[in-house]
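Q: Okay, here's what each chain looks like letter by letter:
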Amino acid sequence: MNSGLTERVLAVLETVSDPEIPVLSVIDLGIIRSVSVSEADHSIHIDLSPTYSGCPAMDTIEADIRSALTSAGFGSIHVRTVLEPAWTTDWMSESGKRKLEAYGIAPPEKRSGDKRALFGKAPEVRCPLCKSTRTTRLSAFGSTPCKALYRCDECLEPFDAFKCI
Amino acid sequence: MEFSPDLRTQHLLHLADNALILGQRLSEWCGHGPVLEQDIAIINTALDQIGQARMLYQHAGKGMNPALDEDQLAFFRTENQFLNFTMLELPNGDWAQTLVRQFFFDTYNYLQYERLTESSDPALRAIAGKALKEIGYHAQFSAEWVIRMGDGTEESHKRAQDAVDRLWPYTGEFFESDGFSAEAAVRRAAPLPSDLQPHWEEKVDAVLVEAGLKKPVLQWFQTGGRKGQHTEHMGYILAELQFLPRLHPEAQW
Ligand SMILES: [Zn+2]
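Protein sequence lines correspond, in order, to chains A and B. Taking our numbering as reference, the numbering of the first sequence is continuous, increasing by one, and the terminal residue is 1402. Taking our numbering as reference, the numbering of the second sequence is continuous, increasing by one, and the terminal residue is 589.
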């Protein structure tokens, strides 16, 4: 394992963003599960965990990772999709959550036991604009698979919130 | 296409076909939802279903000899080679029929996938872990809608009750046993369908009561989907789904 090279790969990955939420890098999203660089031939192996089964951004993200690493001078890039353990919003970085809120999207809260989903209650969501927690969910689904639509009852602005899974 | 999959493959295809056919049906709502938010919601649900179908077809196809890919399984099988529940191929009808069907199936599917996360098949277990989070979200959404419509206006109540009465005979198929589900249960790859029934009834009863909807009293249930016997609607949905890849088998996006 060449740690200097791994650091360089991670630095490149920090520049690859989610095409649907450009303020988040793939590192912020927590979808990069491991990165290793072969000592022998400098080939790169990346394990990627998809966010949603049908998320159309995943193919784009993989292509963006390859092209960013190729532009940075790396060859032989192997990206593997790993399903287990399943991606959770708990893997989003703290800096990612701050960037998301500054961008106007309420970040995911810590996941509350999803076994209760059948009878579950919606989590408390804070307005990214005025920070009030008096908010109402308008729709359980939003403009992309990872978001839901909310309204702030304090400042009355509608906003997107990241679904907690 | 010559096609005689073993029991293990049939079980995976059954799961995949349920996801694909429901996803295909739901996608017909695109641009036709009652309001924008619900249009988006039902299409997101369709997207999740199709994503789950892709993962399941990939897993099923890899284990076949010769191996087949997801497109071959989705686009080049004929009607009697599809093993989905007949309920899922029915036309969408109105919003009440779509959401009542979704509620019946989501509730079943959640209970089923919860058990699939303990499957002896590691790839199926991984897919289930991913899918369960999505299905839980769908199940909550459809249950809320059943309550909202049943406990809503006179018109929404009537439509919801009509949907319950119309779709109820199709729920019996969920809990039937057949060769592949019995074999999957023996391998501890999946639960026996009949084991899920008491849990399904408990949840469905609770929601119907809250919605003020009557549970039908019925002795006769539709059957056939697990054996590849379908309603007259299946041919049309496959024609819509399959005509392009069959006309241009080498077409690329
Ligand atoms: Zn606010």
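Hints listed in this document are in silico derivations from the structure and should not be mistaken for laboratory results. Note that the structure is a prediction, hence the values are computed from the model and not measured. For every residue, glycine included, the Cβ atom is placed at its ideal position computed from N, Cα and C. One thing to keep in mind: the hints can contain errors.
Some chain A residues well away from chain B (every beta-carbon gap over 12 Å; in silico) [what the hints assert, rightly or not]:
{"hint": "1", "residue": "1245"}
{"hint": "2", "residue": "1256"}
{"hint": "3", "residue": "1273"}
{"hint": "4", "residue": "1287"}
{"hint": "5", "residue": "1290"}
{"hint": "6", "residue": "1295"}
{"hint": "7", "residue": "1305"}
{"hint": "8", "residue": "1308"}
{"hint": "9", "residue": "1312"}
{"hint": "10", "residue": "1321"}
{"hint": "11", "residue": "1339"}
{"hint": "12", "residue": "1340"}
{"hint": "13", "residue": "1375"}
{"hint": "14", "residue": "1390"}
{"hint": "15", "residue": "1394"}
Quick list of the computed label-pair ranges, beta carbon to beta carbon [unchecked claim]:
{"hint": "16", "chain 1": "A", "residue 1": "1252", "chain 2": "B", "residue 2": "414", "range": "43 to 51 Å"}
{"hint": "17", "chain 1": "A", "residue 1": "1339", "chain 2": "B", "residue 2": "584", "range": "22 to 30 Å"}
{"hint": "18", "chain 1": "A", "residue 1": "1332", "chain 2": "B", "residue 2": "342", "range": "43 to 51 Å"}
{"hint": "19", "chain 1": "B", "residue 1": "579", "chain 2": "A", "residue 2": "1277", "range": "32 to 40 Å"}
{"hint": "20", "chain 1": "A", "residue 1": "1347", "chain 2": "B", "residue 2": "546", "range": "23 to 31 Å"}
{"hint": "21", "chain 1": "A", "residue 1": "1307", "chain 2": "B", "residue 2": "508", "range": "49 to 57 Å"}
{"hint": "22", "chain 1": "B", "residue 1": "415", "chain 2": "A", "residue 2": "1278", "range": "47 to 55 Å"}
{"hint": "23", "chain 1": "B", "residue 1": "585", "chain 2": "A", "residue 2": "1282", "range": "51 to 59 Å"}
{"hint": "24", "chain 1": "B", "residue 1": "508", "chain 2": "A", "residue 2": "1259", "range": "45 to 53 Å"}
{"hint": "25", "chain 1": "B", "residue 1": "580", "chain 2": "A", "residue 2": "1259", "range": "31 to 39 Å"}
Q: What are the numbers of the hints that this structure violates, sorted from low to high?
A: Going through the list in order, the structure violates hints 4, 5, 6, 10, 13, 17, 19, 23 and respects the others.
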